[in-house]
Structures are given as C-alpha cells and as structure tokens.
Amino acid sequence: KAGVTQTPRYLIKTRGQQVTLSCSPISGHRSVSWYQQTPGQGLQFLFEYFSETQRNKGNFPGRFSGRQFSNSRSEMNVSTLELGDSALYLCASSFDSGGLYYGYTFGSGTRLTVV
Amino acid sequence: SQQGEEDPQALSIQEGENATMNCSYKTSINNLQWYRQNSGRGLVHLILIRSNEREKHSGRLRVTLDTSKKSSSLLITASRAADTASYFCATVERSGFQKLVFGTGTRLLVSP
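Protein chains in written order, with the numbering used here: chain A, 1 to 115; chain B, 1 to 112.
Chain B with its partners taken away, still in its complex shape (with noise of 0.2 Å):
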C-alpha cells in the first residue's frame, strides 16, 4: 500500500490537555498536509508544511516536519470538544505529484 501510517489509531483525552498525532510517510516528498474530518463528512484542510520546513504553526496547532526520518507529528494545544474528529496526515510526492497519499488516520476524542 502507498498510505502512510499514523499512530495512535485513537487518542482520549479531556478537554485542555494537548494531543499529539504521529505520521510516517515512504516517499521523497514536496509537502505533507493534515486534514480534520468529522463524522464521514468532507475533510478540512488544516495545514501544509513543505519539504524545507521543519515546523510550522496555526492557531492552536503546531505542526513538525522531519524529511530524514520521513515523518511528521500534529500538536493540538488546549484541546476543546470541537476538536473531536479524525485526523489524516496526506503528502504530495515530489515525482508524480498532482494526488494526495493519505495516511490511516487518527481517532481523536475529547472529552468536556
């Protein structure tokens, strides 16, 4: 399979504690995105980090990016209920671009 893998498949946590999503990817890449959906409805893009960054911030999330040990990781700070959804890492590659390789996903559940 091209999907990369993220970890934890679910994370429980409460309301005002961070959350820390893994993702591990196979390919050379020209970026990595993360996207938010709740319930089976469409995702959300959230934030896009390129191959020569290594950390980028939005909001409450921070997003950390390391090409050599090809992965990724999602911080969500000050968790809110809102927050509750499933969360997909997805690259671009930097040969054949033009598509998304999601990731497996991340379960996440706050609780209030």
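Isolated chain A, as found in the complex (with noise of 0.2 Å):
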C-alpha cells in the first residue's frame, strides 16, 4: 500500500511569507502528526489530528496551525515565515490516536528554506 506522502519535498519562502505544507496518510489511518526537525533542536512535535479535531499540540506559536480533512489528509500552515522557521518537516501517520499499537509511520518530509 502507498506510504505517507508530502508534497512538496523542498520549498523556498522569503521571510514574512507564509507556506502550506500538505500529508497524506496511508490508507485507513485517522491520526496525523506533525513534526519539525532542526540541526539545533531535533525532532520536535508540533500537533496531532485524529478524525479531524487537535487532540495535542506542541510547544510552537500560534504562527503554526494545521488542520485535517474528512479524508484524513492534512495541511499545515507558517505564516509570517522566520529564518528560524527553516527545518525538516515531517508528517507521520498512525492507525490510533497516538501509535500506542503500531508505531508510526513517517512521510520522507518537506524541506523548508527561509530566506
């Protein structure tokens, strides 16, 4: 079965830009997390959907937003882009709320350059 899928894979925004950045799960999974990824911080959570509703965000401004569809594809959203905002983008899908079964499964991510 297809894996996760992000779109785009790299991206390049000016500052003060804003960017969307799309996931979709595999097939018959309702969860959709979302994680950033830089040199300096790591891996850091940044929101959980599971059939269409937040159920957990992370520690970042209100500048990151996301949502799902009923299909259980995701966007995420930066709008007032900062250099700082530069990082690996990743998505990760899961069966349940959580991966407390099977884990997660992770999208190859989206690369977002700040400039």
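Simulated from the structure, these hints should not be mistaken for lab results.
Given the structure is predicted, the values throughout are model-derived calculations rather than measurements.
The reader is advised that the hints may include incorrect statements.
Claimed, not checked - Derived coverage of chain A by chain B (criterion: at least 3 residues anywhere in the stretch with Cβ under 8 Å from a Cβ of chain B; other residues may be distant):
#: 1; region: 53-66
#: 2; region: 83-97
#: 3; region: 102-115
Even for Gly, the Cβ is constructed at its ideal location relative to N, Cα and C.
From the two separate chains plus the hints, produce the assembled complex.
Below, the structure is given as structure tokens:
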C-alpha cells in the first residue's frame, strides 16, 4: 500500500511569507502528526489530528497551525515566516491516536528554507 | 527540554560487528519506539516496546527496556553498510500521549 505522501519535497520562501504543507496518510490511518526537525532543536512535536480534531499541540507559536480533512489528509500552515522556521517538516500517520500499538509511519518530509 | 538523551552521539564500526545504542528518558511511558533516518529523509519505524515488556527482537534488532532506570538500548547484530543512518528513540508518555518525544539520536557509520 502507498506510504505517507508529503508535498512539496522542497520549498524556498522569503521571510514574512506564509507556507502550506500537505500530507496524505496511509489509507485507513486516522491520526496525522507533524514534527519539525532542525540541527539545533532536533525533532519537535508540532500537533496531532485524529478524525479532524486537534488532539495535542506542541510548544510552538500561533503562527503554526494545521487542519485535517474528512479523508484524513492534513495540511499545516506557517504564517509570517522567520529564518528560524527553516527545517525539515515531517508528517506521520498511525492507525490509532498516539501510535500506541503499531507506531508511526513517516513521510519523506518537506525541506523548507526561509531566506 | 523534554528530549531524551542518546549515547553515543556517533558510532563507527566495521561490517559484521555489533552496534549498541543507549537511550535515557525522563517520564513514565506507555511505550518506547526506535526509528532510523537516512540522510535527513523520513523516519522509518523499527520496533515498539511497551512499558510492561523488558526485551523484544525483530530480525537483527534487539531492544531492551528498563523502566526503573528509564533507559533502553538498541542492539544491531552483524551490521551491514546499509545500516548506516541516524537512530532515534522516542517515547510515548503515559499521560498526555498522542505524541512522540524524541531522543537526540545516534549517528551510526558502518564501514565495508
């Protein structure tokens, strides 16, 4: 079956702009989570959606937001981009909220560069 | 920081040797998971061990969990060059689950 698909793979944006990243989970998975990976902070949790509801949110400013659609696809949006938002953004899907039984399947990520 | 710690930060071995990575975490957990990442790409789930389990095997992987010490180890036996990657442990906390708390990672280099 198809894996987790993230688009686009690479993105270059200018400070102050906004960006939308997309994630299509594995068919049948209702939980989608987003993580930010940077060399300085490592892997940090952004938020998790389950059946279109945000279940948990990490310690990120309100410029970071997301949503999940009825088909479980998810988008995350970052407004007023800052240089420090440059990172690899990873989407992960799981059958259950929290990946308690089978863990998570990650996409290949979107590499965002803010200039 | 909520992150766990992993050691060593980097490990260099020859093909055929065993590689051991250690992970320490800070809270009570529901489970602990290990992931592999190749060259800044996505993470690949390797193994999940629940808090009531002490050891788990999957192919050449062996994971142990000691909840009294809040630590885990990943052993890769008979390493191959293709095992070269970064390895991360991640915990799902007992309370406020629904997220992974990652360790700092171990970079493994397996030379032919």
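We went through each hint and held it up to the structure:
1. Only when three residues or more bring their CB closer than 8 Å to a CB of chain B does the claim for the region 53-66 of chain A stand; here the count is 3, and the claim holds.
2. A stretch counts as covered by a chain when three or more of its residues have a beta carbon under 8 Å from one of that chain; for the region 83-97 of chain A and chain B the count is 4, and the coverage holds.
3. Three residues within the 8 Å Cβ limit are the bar, and the region 102-115 of chain A against chain B gives 9, so the coverage statement holds.
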